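**Student:** Respectively, the protein sequence lines represent chains A and B.
Numbered per this note's numbering, the first sequence spans residues -2 to 111.
Numbered per this note's numbering, the second sequence spans residues 11 to 122.
The hints are simulated quantities; they were obtained by calculation from the structure and are not laboratory data.
Take every hint as true, because none was put in to throw you off.
Negatives, chain B to chain A, calculated, CB over 12 Å:
(1) Asn38
(2) Lys80
(3) Glu82
(4) Thr89
(5) Asn94
(6) Thr120
(7) Val121
Covered stretches of chain A, going by a simulated chain B footprint (3 or more residues, C-beta under 8 Å):
(8) 30 to 39
(9) 42 to 48
(10) 101 to 108
Since we're looking at a predicted model, the values are computed, not measured.
The C-beta atom is built at its ideal place from N, Cα and C for all residues, glycine as well.
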Amino acid sequence: AQKVTQAQTEISVVEKEDVTLDCVYETRDTTYYLFWYKQPPSGELVFLIRRNSFDEQNEISGRYSWNFQKSTSSFNFTITASQVVDSAVYFCALSEAGNTPLVFGKGTRLSVIA
Amino acid sequence: DGGITQSPKYLFRKEGQNVTLSCEQNLNHDAMYWYRQDPGQGLRLIYYSQIVNDFQKGDIAEGYSVSREKKESFPLTVTSAQKNPTAFYLCASSLDGYNEQFFGPGTRLTVL
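Hey, can you work out the whole structure from these sequences and the hints?
**Tutor:** Below is the structure:
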């Protein structure tokens, strides 16, 4: 069965600090997809990234970067030089091949303090 | 603009009443989903539909019902059988089951 664990329930950082959000997943499939979403206080989830299991290349998008390591079943998310606008709940999710729905982790609440 | 709309944003219901939450998308997506989120919790899947006139139960389908008569619409009915319906409900859609899901703004349901 598929499972996503986000062990960090809440994180607080001071503005301009770097912060890494951890995501560990479990799946028996060799083909799967990993996702990160951001949920700001407004409530709507915003898609950040999708990664398939055959692409372990790290990705960088502005201040955001993702580290995918199959050896440790992890897909961690780093925000560099955090800003107050980064304050949100961040969810990691997994979808196995075969057109299955996403399974979400419980989320990590990030608070960036000015 | 393309996107997903949910209405209403806030909904109040008396115990014992059924209520229907609306979800519409104009992204031409085949798949649509309903999630429930409780305070401090992740998202739990209620129902999903990968094609018109077909839908499957998710992890917490009891007390809920859906229909998918049109590609762009996937309404969710919260019935009186749902024991604890007060929650934040999110609708999502995706091109198909392999692609990222895009979410609507959500409906906050409160049972009085």
